[in-house]
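Taken in sequence, the protein lines are chains L and U. Quick note on numbering: the first sequence equals residues 1 to 321 in our numbering. Quick note on numbering: the second sequence equals residues 322 to 529 in our numbering.
The hints are simulated quantities; they were obtained by calculation from the structure and are not laboratory data. Even for Gly, the Cβ is constructed at its ideal location relative to N, Cα and C. Be a bit skeptical, because a hint or two may be false.
[As the list claims (entries may be wrong)] Below, computed lysine to any residue pairings styled on SDA-like, alpha-carbon distance capped at 20 Å:
1. Lys280/L <-> Val341/U
2. Lys512/U <-> Trp464/U
3. Lys436/U <-> Glu349/U
4. Lys486/U <-> His97/L
5. Lys40/L <-> Ser24/L
6. Lys280/L <-> Arg342/U
7. Lys436/U <-> Lys466/U
8. Lys486/U <-> Leu139/L
9. Lys486/U <-> Lys40/L
10. Lys486/U <-> Ser284/L
11. Lys486/U <-> Trp102/L
12. Lys486/U <-> Leu141/L
13. Lys486/U <-> Ala95/L
14. Lys486/U <-> Lys280/L
15. Lys466/U <-> Val430/U
16. Lys280/L <-> Leu433/U
[Said to hold, decoys possible] Here's a subset of chain L near chain U, in silico, CB distances under 8 Å, partners left out:
17. Phe60
18. His97
19. Leu100
20. Phe104
21. Gly283
22. Ser284
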Amino acid sequence: MRFAVDRPMLWLVEGVVGGLIAASLVGFFLSLRVKSDSGKATIQNLNARIRAWWIMIGVFSIAMLVGPVGSLALFGFISFLALREYVSLIPTVPADHRTLFWSFFVFTPLQYWILAMHWYGVASIMIPVYAFLFVPVRLVLSGETAGFLDRAARIHWGLMVCVYCISYAPALLILEIPGYRQQSAKLLLFLVIVVQFSDVFQYIWGKLLGKRRIAPLISPNKTWEGFLGGVASASLLGMGLWWMTPFSPLQALGMSLVITLLGFAGGLIMSAIKRDRGVKDFGSIIEGHGGILDRVDSICFSAPVFFHLTRFFYITHGKTT
Amino acid sequence: MSWLGNAVAAGARGLAGATVRWLDCRPETRQRVYFANHTSHLDFVVLWSALPRALRAQTRPVAANDYWHSGLRRRLAVGVFHAILVDRSASGDRETQLQSARRSLDLLVDALERKESLIIFPEGTRGRGEEIAPFKSGLYYLWLKRPDVQFVPVYLANLNRVLPKGEVLPVPFISRVAFGPPLQPGDNETKESFLREARNALCALQHA
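All chains should be modelled from the sequences, with the hints used to inform the complete structure.
Right, dumping it as structure tokens:
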């Protein structure tokens, strides 16, 4: 099955590419204008981020063009890399080794394979039920009791956030919404656009107006101005994209608001973990952005709720379509 | 060996997600002895793969004969990576031990005479990753014979988590390879002072 590339989809692609071209031009002119050292560093980071955006959007577009399998493979790989950044940062002991091996090479691919098979029922419980029980069983077999609950909880949390929660983004593709069949790719695009633009808008508003810090102990760069401006702009953008979704404009606004608030919470929570471990980024795989997990932390927290809200309100229960 | 070696190196490096940093040290073609902490069988493969291609061809890992001496391991170590296999302090009386140590040293000095660089693990055996063990004296005797060669400390982080002692299947942690500034030994170093400074140089990279 491939997605129908319809007119709205084309507008969207044109809009995103146009926006990126505009951003690149602005970045280029800023790099010519700004002279101060700190300003230069900011512009350099900005341009690195824009370049990385080109690559991320390119990869994402190719995955979408390939179809659901492409998107599932891409998000599966993202989960793998995110889990890797996560476990590299948190303390583990040699006795955790085989449980971690299972997490990387069995549970992660299994979750995405189940989604590819469209087994929604299994996909929604595989990690919260089966992996949840498997992890302590495998750990107890290793015979090491020191820090047992901590170790199990760390692995549980990694699987839930990096694999289960992220997998809800491509799981949107297997939602069968009446009157919206074969079009769910646009729902995934909607989520990704709102989440990522919320991050971008927060960054821009924060750089322009940011004064009052919102959580100085957790993330010194986040300000009230950035947060409110970002959430408002991204929600309005989401509302403006209602035509690509099964939602009305007002519903699209509500959904976008939920997505951006949870995305913000996700970013804050992951910052708390990084701060606790004494690092700034989870990795350095994406220039200017840090690690994969730094880029998708907002998706981890918004995708599951967006998925379930959509499923709850837009899929007629009791009737299979 | 070149394509197979580079393929294995790329695989190991991808798996171990190694980020490589050169701190006050540049990747140069001059002759060097890279000495590193030892926590995993992946160590020399990842260290070797962290070197630019031009340097790999002239750099030979030094590995323990008792582990790598036969079968597939040997083919991998010797055939692919051109490892030099040496005997670790063999059993027997003091005289045979000394002889075996001398033979090993001769092998390494021969390699240096051929303009090759070396990768060695002066702890002698794999540790558990937390602390760097005291160095064996081979490093010092190597320096006595060839003081003109640069001794470069290389700290390997997280490889013990990728493949801990006793495990066969790897877990893809992100590892780090840090090359530090070459040692600058004084004129009247004793064995103890040289080994202590070498170990300190490696410890300094631990938190760099």
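Check your understanding: Looking back at the numbered hints, which does the structure fail to meet, lowest number first?
Key -> 9, 10, 14, 16, 17
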